[in-house]
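K.L.:
First to last, the protein sequences are chains A and B. So the first sequence is numbered by the working numbering: it starts at 1 and just counts up by one. So the second sequence is numbered by the working numbering: it starts at 1 and just counts up by one.
Just so you know, the hints here were simulated from the structure itself, not pulled from any lab data. Some clues are possibly wrong.
[To be verified] Here are the simulated SDA-like cross-link-like pairs (lysine to any residue), alpha carbons at most 25 Å apart as the crow flies:
| no. | chain 1 | residue 1 | chain 2 | residue 2 |
| --- | --- | --- | --- | --- |
| 1 | B | K135 | A | I92 |
| 2 | B | K68 | A | E58 |
| 3 | B | K57 | A | F3 |
| 4 | A | K50 | B | K57 |
| 5 | A | K50 | A | E97 |
| 6 | A | K25 | B | K68 |
| 7 | A | K50 | A | A12 |
| 8 | B | K68 | B | L58 |
[Unchecked claim] Far from chain A by the CB rule (all over 10 Å, computed), these chain B residues:
| no. | residue |
| --- | --- |
| 9 | T14 |
| 10 | T17 |
| 11 | Q18 |
| 12 | Q19 |
| 13 | L24 |
| 14 | A25 |
| 15 | K26 |
| 16 | S27 |
| 17 | P30 |
| 18 | N37 |
| 19 | Y62 |
| 20 | F63 |
| 21 | G64 |
| 22 | S66 |
| 23 | W97 |
| 24 | L127 |
Note that the Cβ used here is the ideal one computed from N, Cα and C, for glycine as well.
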Amino acid sequence: MDFVWAFIIGGAICVLGQLLIDVGKLTPAHTMSTLVVLGAIADGIWWGGKSLYDRFVEFAGAGATVPITSFGNSLTHGALQELHKDGWIGIITGIFEVTSAGVSAAIIFSFLAALVARPRG
Amino acid sequence: MSVAGKSKSKLKTTTFTQQEYQNLAKSNEPPRPVARNCLRAFIAGGIICLLGEALMKLFQTYFGFSEKTAGNPTVAVLIFISVVLTCFGVYDKIAQWAGGGTAVPVTGFANSLCSAALEHRSEGLVLGVGGNMFKLAGSVIVYGVTAAFVVGIIHWILGLGG
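All chains, please: the whole structure from these sequences, using the hints.
P.N.:
This is the structure:
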């Protein structure tokens, strides 16, 4: 059942992105930015010790963690986590705390790729 | 497409003939196959998330990651796959078919980094690759960080628990 929900929810977020491109006439870059901001806001909505996005991840698994919305979610997540630990300075120091895997991996692999590969297509 | 979007704001300053031409061009513009694009985005995005879910389960079962931490290696592996496919020019072919389905997942973020890095390789490793890698993906980071900061400030001011 986890796999079914991952497929459906992940697919649905991509459809939302496609609608922003086709119907909203946004460029892909605008669409990505919009989705990231949505993810960041969704993590700011808290009740009962969990954020809206946390509940979403519990329900949809990779369907919620793989789309770019989860990038915004983890940025907010780090900021809030450190805010509650260290006070206001945590908002600045915590932002990249949880996201590090995605950004670092993308930078490292892309750089190594640029060393060995040539552009195609 | 972008021209059609811009023409709305420019309509006031154009002459009648220009308006007439714009209307004619607009009426002859092929309609976007929205339903087909959405179906493709759904299938492609769903498959990528399905793959992500499978990787998450794999990391939880065999590598001792918890449900919360399994997301990190999953994202790293998906990014690696995306970068390799970008190097061979395969990702862009899939993206042509899938549209938003390949752009919205984190693989699309990696694809934009990698393709920018490859494209500017000829300008050198520092100014080309280093300087241009975030040309496309930069906006995502800038808006994500700013939004996270604003949300953090709101939480701080309201003193919300968590």
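K.L.:
Now look at each hint and say whether the structure bears it out.
P.N.:
Hint-by-hint comparison with the structure:
no.	hint	in the structure
1	K135(B) with I92(A)	holds, 23 Å
2	K68(B) with E58(A)	holds, 9 Å
3	K57(B) with F3(A)	holds, 10 Å
4	K50(A) with K57(B)	holds, 23 Å
5	K50(A) with E97(A)	holds, 18 Å
6	K25(A) with K68(B)	violated, 36 Å
7	K50(A) with A12(A)	holds, 23 Å
8	K68(B) with L58(B)	holds, 14 Å
9	T14	holds, 20 Å
10	T17	holds, 25 Å
11	Q18	holds, 21 Å
12	Q19	holds, 20 Å
13	L24	holds, 20 Å
14	A25	holds, 16 Å
15	K26	holds, 13 Å
16	S27	holds, 17 Å
17	P30	holds, 13 Å
18	N37	violated, 5 Å
19	Y62	holds, 16 Å
20	F63	holds, 14 Å
21	G64	holds, 17 Å
22	S66	holds, 13 Å
23	W97	holds, 12 Å
24	L127	holds, 13 Å
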